[in-house]
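Chemist: Those protein sequence lines, which keep their order, are chains D and G. Okay, so the first sequence: first residue is 57 according to the numbering used here, each after it adds one. Okay, so the second sequence: first residue is 57 according to the numbering used here, each after it adds one.
Think of the hints as simulated: they come from the structure by calculation, not from any bench. Among the hints, erroneous ones may be present.
Since the list gives no way to pick one copy over another, a pair counts as held whenever it fits inside one copy or between any two copies.
[Said to hold, decoys possible] Calculated pairs, DMTMM-like style, for lysine to aspartate or glutamate (alpha carbon to alpha carbon, straight line, at most 25 Å):
1) Lys88 with Glu115
2) Lys569 with Glu601
3) Lys296 with Asp328
4) Lys386 with Glu344
Keep in mind that this is a model prediction, so the values were computed, not measured.
2 protein chains.
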Amino acid sequence: MSATRSVARRDLTALFAPRAVAVVGASDDPVKWGNWLGRGALRGERRRAVYLVNRRGGEVLGRPAYRSLGDLPEPADLVVVAVPAQAVEPTVEEAIATGARAIVAITAGESDGDAGGPRDAAIAGRAREAGVALLGPNCLGVFDAGAELELVPNPLPAGRIGLISQSGNLALELGILAEEAGLGFSRFVSLGNQADLEGADFIRELADHDATELIALYTEDFRDGRAFAAAAAAAVSAGKPVVLLTIEHSEAAARAVRSHTGALASEGRAIDAACRAAGIERVRTPYELIHLAQGLLRGPAPRGRRVAVLADGGGHGGIAAALAHDAGLKLPLLSDGLVARLREGLPPTAACANPIDLAGGGEQDIHSFDRSVRLLLGSGEVDAVLMTGYFGGYSEYVETMARGEASVAEALADAVRLNDRPLFVQTMYPHARAADLLRRRGVPVYRSIERAVTVLGRLARATERRPGDVAALPPPAEPVRGADYPEARRLLAAGGVRFVPAHTVGSTAEAAKAAAEIGYPVVLKALGLVHKSDAGGVVLGLRDEAALTRALEELRARLRPPAFSVEGMAAVGEGVELLVGARWDRRFGPIVLVGLGGLYTEILRDVAVSLAPVERPEAERMLLSLQAAPLLRGARGRPPVDRAAAAEAVVHVSRVAAAHPEITELEVNPLLVTADGALALDAHVVPAVGESG
Amino acid sequence: MSATRSVARRDLTALFAPRAVAVVGASDDPVKWGNWLGRGALRGERRRAVYLVNRRGGEVLGRPAYRSLGDLPEPADLVVVAVPAQAVEPTVEEAIATGARAIVAITAGESDGDAGGPRDAAIAGRAREAGVALLGPNCLGVFDAGAELELVPNPLPAGRIGLISQSGNLALELGILAEEAGLGFSRFVSLGNQADLEGADFIRELADHDATELIALYTEDFRDGRAFAAAAAAAVSAGKPVVLLTIEHSEAAARAVRSHTGALASEGRAIDAACRAAGIERVRTPYELIHLAQGLLRGPAPRGRRVAVLADGGGHGGIAAALAHDAGLKLPLLSDGLVARLREGLPPTAACANPIDLAGGGEQDIHSFDRSVRLLLGSGEVDAVLMTGYFGGYSEYVETMARGEASVAEALADAVRLNDRPLFVQTMYPHARAADLLRRRGVPVYRSIERAVTVLGRLARATERRPGDVAALPPPAEPVRGADYPEARRLLAAGGVRFVPAHTVGSTAEAAKAAAEIGYPVVLKALGLVHKSDAGGVVLGLRDEAALTRALEELRARLRPPAFSVEGMAAVGEGVELLVGARWDRRFGPIVLVGLGGLYTEILRDVAVSLAPVERPEAERMLLSLQAAPLLRGARGRPPVDRAAAAEAVVHVSRVAAAHPEITELEVNPLLVTADGALALDAHVVPAVGESG
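Required output: the full structure, derived from the provided sequences and hints.
Modeler: Set out below in structure tokens:
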């Protein structure tokens, strides 16, 4: 478990709006970072003093070069370090000594390309001691469009996205893609090794930055994942969407897994759980990020899933409709009145149900498009319109139609504003003037229908989500000592989980006494095994003392267990077996999992994961999100089971996990849920090993 | 059931390589089809005579216009009809009368925009009578790059793809996307309403067309789907990949469904089954089609799933690796020897396991790229290399590196050829000269990593597929009369499916006699119900005559069934319940389905579908493709079940279905599969209704 660091806002004034900037290592050589950054710094010269430092002195980029920071005529509050590796530490020292308030360390220390090395720790420690904010090392720089601060190797497009990236090249790619989509950056920070300043610091900073309307991140290293998620949740609550590009690494080798929960609640699922809790939109590629950003930044969000598809020609509309259906959007049949109004002025072959096919009507009268979209958006029958195919191309082929398309584009944008409902456009002609006009008037325009539908579907589903809430961790409870089966039962039962009655016994006599107390039939378990059932260590339905004794002796001979458990026999008949577990994730802390138990757990991998602890509504949502949820509702004539009791068990397990950082994995498997309640039939605890406890 | 039409090859010489072309309706008006097509026809004037026909005579497009086809100096063997709707029929008649061998009907007949109208049938009938090939009506034209035949409204890029499209606008979009990817068309036909010539005719034609290396189709209307699939399978066997862009319509309302099989074996799954059988690659969007075509046309196909990911910078490699893993590709750890050779000349921070991160090595020495790719492709340790990120951009930022990148591109293409293993490239700079060079030298280049990985994953998986085989239908068997439960059992048992013993009875006395013969415990079923079990019409485990009598009287009072079935009680304990069914699809004929039965069938929708009849290997493949396949292999300590017996049952059901076109749906549910064999516990037949039988 990583300790939660202080979440106080850092003062980053000198980083984003310095009075004076010094670039140490500035160079005339066009293949050097010191050249690119020096030129970038000089583009802001009319806003602030820019000093170029090079130990050889002379002139660099047409300016006098200072031999050291000490030679500057005034202190530079922001110092960019673009020197060879061995000179990084002395330069950082000099920057601190000469009054820097922020340092951007482009170069990594010697042999210290990877994050977390001893030299990273050394310079970060010195910066923190001195109260100086340090970005990097091993980063690409910092950019603020409003402040004309361009301490980056390449020009970046200006816009409304605040970008935080751990990878330089990915930031460059995002810049290219943003520009193509007519978007750009309000600020950009390259995180590098995050020796001092980290992702969460910048999420907090951008949440308060007026020119930033959307926060985009690429990171693989979340540091304190809870703090990260909490910072993102605060930004989302403040109305700024957070889009996270991240991946999980294949982890088979990375983590020893000793329970089903451990195997199923993967690191990827932990990231998903954190994103869900915080309201973060997670994406997996740069294109996905920019496509989603376009949908979030342009036009109002859809208020529901109902969409009308509009095309001029059958193929495009049909493809869009099928994809929309797969993306969870709904294409309602339109009312007779609306269909009649749509039909006016369209060719007789036009299809006006949904999808709507103008059937050449656009070619005959280009205003068929805006007339139809206005009717649809104003009807109240759909939450969004998806226009797909040829629009933008009429003027490509017939020049006289260019003015027509432009005026349609204006009318479409007006219809969106008037009705406060979004229009998504996919066009074969993304470079057409009409497409550009639409983008500039705030209508999202996509080159491919799959991208348009994916984003629209995602925004529509987001309307059904609860607001983000990253649960705080309770104070740690008294750590558990052992981790054997009786202790696991005791711990969970104390937390509120209902168990079948059980007694731990060592001999046949003790077993008989226990069984008499519980009442036959009973179950006998051999203790001390990780997966009792798979190892043949569980005998069900023992009807009398003779059967119990025989079973105990057989188990003793075969498995030599340290002890046995005699337990009540639950009526599994009409119930559903669930798996409820929790795992302590190294970045995001405790996560809780629920899934179909028994035979199907690992085969179908049908589970829901959430940050622990959870409350009842989230536990209910988890249960209902399972593919197997119909079983809980009572599929095929079976009675519905007590879902509330199942949800309570999830809540209890999540709370126990959250209070016990010394436990790595914890599970109830199965939890038998019937019409009458939920009963734990077995449990399992894996304590942390070595230093991680 | 649609009748299988003759699959004789049509003579399409006059369509693709006419001696003389006439465009009827040629026009000077730049917004008319007659203008676009006339201009297109004239672009081939140096190859053949082109006659423009306009009933007003005079001059059109700078050529004399003929008033009618009868006025031409020679017969036109190809006539393009671009006249107003009411003139289509007379023009077709005139074309036939004046010796046309092929007709392209651009315009649809009056009020006949949709396919299959009476006027379509009339002109198609006339054309067939006269032995003339008719394309359309309601189509966009025809194009042959080699013959300089451009009877289309827009110029199209020339290349190696034969495109058959039911939608004009989609064909235009595919043209734009192909051109962007450096690809183009050998031939293009716009199918229109397919009144005469249909998709399968052109698949057969293109399979024999040397300049066509890949056949791409967009269609929603398959006509005789078996013939379509068989034509595609023949093309694939002849070495020409077939890529099909199609969608299925939401069909809840379209088809009454009376069995689980009917609900699960949807029209979309029928298309998938046909594609699998024929070896067709199915896609859902124009972009997917072009991206896949690029992968199929450029570079050798991968021979397996092992891939090395190569990037210059951590983020790109990590994202590509995660996506590759999700796409079913494998990133093997590379051998120590290979890693050591990769390391030579790279920065010490370079990561050389897999993914490989040059860590700035490309910037230091651009030939790090080709050196690494050569080592990887030549190692035998991977089947393909996926290069991602910045390559192409070095020369964007530093002009002196342009020559370096170009020579790397050449070297990369050479490495591919030398090792006969593919390199897939994703670059942030798809317009860079190096990217263009790669494409021209046969290396697929993608703008987005998700597209590159999707295609590579798809090609790698395709290596594991059996060759395509579209099963022929057996001659129809004697149609079944009734469709009640005893008849369903009889039919399937005669087909080889093993059932539990059963007797149909009407009275308690008959029931007792039957039970005595079968042996207690028995099962009692009330007949005449669609879903006996869901309706509470099945009583299990009747241990003696008294219990049987009580159960029968209870069922009689509650359900008033016409009869009962007394059956043997199977030992469900350690077995797996499967659903095996078949459905007669309106386009593709009989399809067979297998899935997890019992409670989970409809909840999990874990099924496999294939064209019926199937043989044992395909039935085995279907079973193993289920998500629940581990249950058959014996999950969590349970014994493996008799998979061969289950596969045999699938074969038997598929054969019965294929021999009975009068049956719409047919199913065994459940089929109990244990270690000792497979036993049908219930069955159900839905006869065709009305004319569809």
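Chemist: So, for every hint listed, does it hold in this structure?
Modeler: Hints and how they fare:
no.: 1; hint: Lys88 with Glu115; in the structure: within (16 Å within a copy, 66 Å between copies)
no.: 2; hint: Lys569 with Glu601; in the structure: within (9 Å within a copy, 40 Å between copies)
no.: 3; hint: Lys296 with Asp328; in the structure: within (19 Å within a copy, 42 Å between copies)
no.: 4; hint: Lys386 with Glu344; in the structure: both (22 Å within a copy, 23 Å between copies)
Going down the numbered hints, you'll see the structure goes against none, and every one checks out.
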